[in-house]
Amino acid sequence: MGPLIELVHVRREFDGGRIVAVADVSLSVEHGESVAIIGPSGSGKSTVLNLLCGLDQPSGGEVRFEGKAVHGPRAWAEVRADHIGFVFQNFCLIPTLTAKENVEVAMLGRIAGAAKRAERAVSLLTSLGLGERLHLKPMKLSGGERQRVAIARALANEPRLIVADEPTGALDRKSAHAIMDILTGLQRDTRTALVIVTHDREVADTCGRKIEMVDGRIVNGPATGIVHAVAGGAR
Amino acid sequence: MNELTLPLRNLAGQPIRTFLTTLGIAVAIAGYVALTGLTQGVQQNFAGGIGDQGGDLMVSERNSFSIISSSVPEELGPSLKAVPGVADVSGTLINIASADNNANIVISGWPDGSFLWQGVKLASGRLPQPSDEWPVVLGSTIANGLQKKVGDTVELQFQDFTVVGIADFDSVLNQNIALVPLKKLQGLLGREDSVTLFQVRLDRPLDPQKVAVAKEDLQKAAPGNQVSDSEEFGNSIRFFSLIRAIASTVSLVVMAMAALAIANTLLMAVTERTFEIGILASLGWRPVRILRLILVEGLIMSVVGGIIGLGLGILAMDVVSKAGVAAGLMEPYLTSGIIVEAILAALLAGPIGALYPAWRATRLVPAEALRRT
Numbered sequence: 001m002g003p004l005i006e007l008v009h010v011r012r013e014f015d016g017g018r019i020v021a022v023a024d025v026s027l028s029v030e031h032g033e034s035v036a037i038i039g040p041s042g043s044g045k046s047t048v049l050n051l052l053c054g055l056d057q058p059s060g061g062e063v064r065f066e067g068k069a070v071h072g073p074r075a076w077a078e079v080r081a082d083h084i085g086f087v088f089q090n091f092c093l094i095p096t097l098t099a100k101e102n103v104e105v106a107m108l109g110r111i112a113g114a115a116k117r118a119e120r121a122v123s124l125l126t127s128l129g130l131g132e133r134l135h136l137k138p139m140k141l142s143g144g145e146r147q148r149v150a151i152a153r154a155l156a157n158e159p160r161l162i163v164a165d166e167p168t169g170a171l172d173r174k175s176a177h178a179i180m181d182i183l184t185g186l187q188r189d190t191r192t193a194l195v196i197v198t199h200d201r202e203v204a205d206t207c208g209r210k211i212e213m214v215d216g217r218i219v220n221g222p223a224t225g226i227v228h229a230v231a232g233g234a235r
Numbered sequence: 236m237n238e239l240t241l242p243l244r245n246l247a248g249q250p251i252r253t254f255l256t257t258l259g260i261a262v263a264i265a266g267y268v269a270l271t272g273l274t275q276g277v278q279q280n281f282a283g284g285i286g287d288q289g290g291d292l293m294v295s296e297r298n299s300f301s302i303i304s305s306s307v308p309e310e311l312g313p314s315l316k317a318v319p320g321v322a323d324v325s326g327t328l329i330n331i332a333s334a335d336n337n338a339n340i341v342i343s344g345w346p347d348g349s350f351l352w353q354g355v356k357l358a359s360g361r362l363p364q365p366s367d368e369w370p371v372v373l374g375s376t377i378a379n380g381l382q383k384k385v386g387d388t389v390e391l392q393f394q395d396f397t398v399v400g401i402a403d404f405d406s407v408l409n410q411n412i413a414l415v416p417l418k419k420l421q422g423l424l425g426r427e428d429s430v431t432l433f434q435v436r437l438d439r440p441l442d443p444q445k446v447a448v449a450k451e452d453l454q455k456a457a458p459g460n461q462v463s464d465s466e467e468f469g470n471s472i473r474f475f476s477l478i479r480a481i482a483s484t485v486s487l488v489v490m491a492m493a494a495l496a497i498a499n500t501l502l503m504a505v506t507e508r509t510f511e512i513g514i515l516a517s518l519g520w521r522p523v524r525i526l527r528l529i530l531v532e533g534l535i536m537s538v539v540g541g542i543i544g545l546g547l548g549i550l551a552m553d554v555v556s557k558a559g560v561a562a563g564l565m566e567p568y569l570t571s572g573i574i575v576e577a578i579l580a581a582l583l584a585g586p587i588g589a590l591y592p593a594w595r596a597t598r599l600v601p602a603e604a605l606r607r608t
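So the protein lines, in turn, are chains A and B.
Under my numbering, the first sequence has 130 at position 130, and the numbering climbs by one with no breaks.
All you need for my numbering is the position in the second sequence, starting with 1, plus 235.
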């Protein structure tokens, strides 16, 4: 089986080429592996994450999902809806919707039947310890609870890849540990690939592979899971 | 949760803005319904009212600008009466004037002995006699409005008339009419020897073929004039076409303003909710789905505004038609056509106004949108 997702000589420039956020990066993520992308602020790690899941478009190079190049917002929307779940530092929950509805919204157009969607949302949230918080809006939830809602939403369509951008950045230590336990547990139990962008070494250590970026380039760490597997075995 | 939950929550999240925009649409639709209904009501009122007076066909000046500007020589009467199938003809002179400087009133002058007087159902008093100096029969609504009874005096066309009878009619126009002898009105208006139109009564029983033949013969007997039934007569008056055109133009401008209000509201909403739209895009919502979300928000406001506007329009028609200046001249006129047009206009205004903001929403790059917290 080939890589799940690949960046092939990807470049991302801003301001007409005066700012190069990502310079010729190639990176592949295998099915079921966990990868941490680390680096200082402005190193381009979040941009790489955005390119990896089509939230941003590369200035050069291409992104492949299961070996096929993906182009354009519509094609990326399909890939994200069916195969990618997101967890962000600032939770990215819709404030006017309840916890349950925030999970259901990811399933609209993907899972037919409101009852079926509601059942799955309740099941996911309950499994993450939010069974009593289903009908609360994000403002009424703690940071850890909001991040668990975001994880439930990321899992709603049974993705093959979860991408997490600083998922513990806005949480206290205890909540951060709990969230990482959930994410790594999911990766381990369901063989869902996990890509985490973090500046926290402790968080990065929970991943099977670490890639370090500086000034828009990978400076340390294997760019492919196969190299990683040869070097030290998959997690 | 279903497809409507998110747009409804978004609208509910900005209640004042949503309310004001919806109200803007409602006012636009109300304006459309009231303007269209009242302008058509004026036409229906005049045409229907004249038709109810007892004539089957009317002979009037071709392409007359307004009812009161039509002028037909009185001497045409005998040749019209000689047409086969014609039972009787009656000249009618019509004018609009104020009664006691209080209300607008339609004054209609009928010749002594006209068959039109036979159709007057008196509630009190009697019909004018040749010996009466300035007699008038008032419709019961205007008589009540002016608080007149038989024997009272009412000033019409700067002349005091004595109320000799009060009559009940079916149409709003006739309920608010003042019937006077033709010669008296001709004298007051300086229109001796001319009438506004001739009312033609055909032989009974009526059948469409006979009516068509009589119409053709009457047309030959009155060259340069038009022969019509009451509905055709209403449609032929250019003044009504003019006010319909004005009403349509004003309605169009108001509807365009409503669409702009929706565009402005949704543009603000899209700008404010850039982050939320970024979230939806990150969840894999396709651009067309995001477009639909914004369009549905516009549609919800326009449907609700349309329904409220329809109610407000009917209310406005009622209030205006009862106002002193319009009472008796205007009648609320609501047809299924007006309702359908108003609903269609509302249904179009929402999505048209929402189109640009929705398109803007689909152009957002998700990564950029998510940075705007």
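Fair warning: there could be bad hints in the mix.
[Claimed, not checked] Selected chain B positions facing chain A (Cβ under 10 Å, derived; list incomplete): (1) Asp438; (2) Arg439; (3) Pro440; (4) Phe510; (5) Ser517; (6) Leu518; (7) Trp520; (8) Gly546; (9) Leu550.
Simulated from the structure, these hints should not be mistaken for laboratory data.
Quick reminder that beta carbons are idealized off the backbone N, C-alpha and C, glycines included.
Now the hints, each set against the structure:
The beta carbon of aspartate 438(B) is not positioned within 10 Å of any beta carbon in chain A (closest approach about 70 Å), and the interface hint is therefore violated. Given the 10 Å rule on beta carbons, the hint for arginine 439(B) is violated: about 67 Å separates it from the nearest Cβ of chain A. Because the smallest distance between the Cβ of proline 440(B) and any Cβ of chain A comes to about 65 Å, over 10 Å, the interface hint for this residue is violated. Interface hint status for phenylalanine 510(B): upheld, as the beta-carbon distance to the closest one in chain A is roughly 8 Å, under 10 Å.
Interface restraint check: serine 517(B) against chain A, minimum CB-CB distance 5 Å, threshold 10 Å, status holds. Annotation: interface hint on leucine 518(B) holds; nearest CB of chain A at approximately 5 Å, less than 10 Å. At its closest, the beta carbon of tryptophan 520(B) sits 6 Å from a beta carbon of chain A; the interface hint therefore holds under the 10 Å criterion. At its closest, the beta carbon of glycine 546(B) sits 29 Å from a beta carbon of chain A; the interface hint therefore is violated under the 10 Å criterion.
Checking leucine 550(B) against chain A: minimum C-beta separation of about 34 Å lies over 10 Å; hint violated.
Consistency note: the structure conflicts with the earlier hints numbered 1, 2, 3, 8 and 9.
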